[in-house]
Amino acid sequence: MPISPEKIMNEAMEFNRKLTHGMQNMVNIKEIPTGVTEKEVVYTEDKVILYHFKPHVKVAKKNKTPLLISYALVNRPYMTDIREDRSMVRRLIEAGQEVYLIDWGYPDRADRYLEMDDFINGYIDRCVDVLCKRHKIKKVNLLGICQGGTFSLCYTALHQHKIKNLITMVTPVDFHTKENMLGHWAKNIDIDLLVDTMGNIPGDMLNWTFLTLKPFRLIGQKYLDMVNILDDLELKILCVWRNGSLTVQIKWVKFIVNLLKISIRKIF
Amino acid sequence: MTKADFFSSDEWIKTQSEVWNNWLELLNKGMSSNNKGGGSESNFAPWAKQRQWWQEAFATHPPEAQDIYNRIMEASKSYFSMAESFTKAQEEGMTLQQVIANWVDLMSKSFEGITPDGAVSEAVDPFQSFMNIWDLPQDTWQRTASTMFPFSGDFLRALRPEGVTHKPGDIHGHMDQFLATPALGYTREFQGQYQKLNRLFLNYQKELNNYMLSLSKVNMESLQLFQKEMQNVVGREEGISSIKDIYDIWVDCCEEVYAEYAMSETYAEEYGKLVNSLMAVKSQAAKITDEVLETFNIPTRKELNTLHKRVQEVRRDYNKMRSGAEDLKIEGIRNELDELQSLKSEVKTLKAQIEKITETKKSAKVEKKPLKAAKLKAKPKKKKGGNK
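Chains L and U are the protein sequences, given in the same order.
According to our numbering, the stretch in the first sequence is residues 1 to 268, in order.
According to our numbering, the stretch in the second sequence is residues 1001 to 1388, in order.
Next comes chain L alone, as it looks inside the complex:
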């Protein structure tokens, strides 16, 4: 059926109805839950916190090897446990897995001199040791998510004797792909100037960079489509995640940018 003024009118009315309903919901939003499973702190160092999730169900058969989750520095780890029916942590516990998670915390300028070595051979290694001591074992299972996956890969390569199984999710490994837009953009950036000037990369800058991968879709269309699902809590949670980039240590960015530059040199 072709478009007509009446049709446009009806469409606009329907849109406005949804928008009004959605706005009503949004006005009444209270605090967005971040993490639903009960957890305890088992180790802290600087801003790093190692959590152990308390089992919410009794499981007949338990895996003797605990799982350590290493999440991305650039986002918040509660995304693994966002709500009861959308919690990877809960499903793992129900499957008989002891789950631990590293929360890297919110870095500030005092952390600008932290290097890859401090993260991989420092924090992660000490967290692994804590698990080994608690469970009287020599090896753990390691799950790396996103940037945490890259950390986990590096860690496993260096400390194979401490890792029983390595699992990676949405982990950047190959920085040599041709379609790599971020790598293409990074090749003309003076990384030393960036390092000396910023110290840490602000979350706003990261958000901007990710949004400009698809600006019209992510800054415009996404919000128009959002009107259709404004009564869904999940959407709000996704918004929290989408714009939840944290300030990250420049050394990590330098590491990634250098990887990207290496890949660019190889491509061109």
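It should be emphasised that the hints constitute simulated quantities derived from the structure, not laboratory data.
The beta-carbon is built from N, C-alpha and C at its ideal position, and this holds for glycine as well.
Calculated cross-link-like contacts (lysine to any residue; reagent style SDA-like; alpha-carbon spacing at most 20 Å): (1) U:K1244 x L:L218; (2) L:K47 x U:K1309; (3) L:K138 x L:Y43; (4) L:K139 x L:D129; (5) L:K214 x U:R1071; (6) U:K1206 x L:I189; (7) U:K1320 x L:D117; (8) L:K136 x U:I1330; (9) L:K222 x U:E1255; (10) L:K138 x U:R1334; (11) L:K222 x U:K1244; (12) U:K1273 x L:L193; (13) L:K133 x U:K1329; (14) L:K64 x L:H161; (15) U:K1077 x L:G22; (16) U:K1244 x L:N228; (17) U:K1282 x L:L206; (18) L:K138 x U:I1330; (19) U:K1309 x L:N121.
Across the chosen pairs, the derived CB separations fall in these ranges: (20) U:E1355 x L:D117: 55 to 61 Å; (21) U:L1307 x L:G96: 46 to 52 Å; (22) L:N228 x U:D1067: 16 to 22 Å; (23) U:K1351 x L:D117: 48 to 54 Å; (24) L:D85 x U:D1105: 48 to 54 Å; (25) L:V173 x U:E1336: 40 to 46 Å; (26) U:E1291 x L:K136: 54 to 60 Å; (27) L:I137 x U:A1259: 46 to 52 Å; (28) L:D85 x U:Q1224: 45 to 51 Å.
Position chain U relative to chain L; hints supplied.
Okay, now just chain U, sitting in the frame of chain L:
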């Protein structure tokens, strides 16, 4: 009034009814002559009022919620503007093809009025709110950049002079020349620092303008692609059934052209120059700030950096030593265990030797007994008084 009451109050209902009465009026009467060529908001005064309502309702919300609200409002504004312009044109008796052709023509004219900073001139833009989508990458960059300066993004935008180009004799050239004048006198070093900051800032503006102008070209190309796509879609059987369909095609066209441009060498160069020039300004500003702080005997960023670096180095050494001590402790325990093990095996060996000796002695005893018996047996009995 509580937040929940906002949507049930009489005034809210009145605003809603005004919005839809305007729409119905537009639908029933067609486009009135006094609306021709008017701004896109002309029939949308109640819609603007509605926005204001929501804005007030969100005023006390956390910045994240306000940000989502603002973005939804901006996107909705484009959508409603698109719906209104299509309704108006169709009421004039235009076909969808004519509406699109007319619309593309108007937008092309608007692009002719693009200012050097890449923004669309409002004077010639009848689809201003509709076209806001093209400002999204620029606007987001301005917001990001403003978080790195001590002044707002609006200030940066307002400061962008139209004459900032590469051409000789323009404002940029004069400013550059003026700022290159050697500083004199007692405060010459300090003056030199400020001159350098201004030069870097002008350079940043120049790079920003180049970036924005390139994005404007992308917008123009996306418009051409949109026209082509729309012609294809209208010709198809399924055609266009909603404003949202048109909006989605438009976004797809913008993304397609942008993606191609973003992967080009030109973009990589412009992007690199933009970020580098911003960092240069920020770096120089930090240097000047440090010098000012030093004169007031306040700790500077440079000093703090040195401290942070040293603290980090000390922590690293400490962790290394702690780990070393742990290793030594483990080694000590391991040595003790080894010693214990060797002692154990020594004891075991000794025990075995003792057992062996004992066994030997025992067996020797056993062997000795029958011999004695045999000896005794073999010994002849002495006869009593035989020798006598």
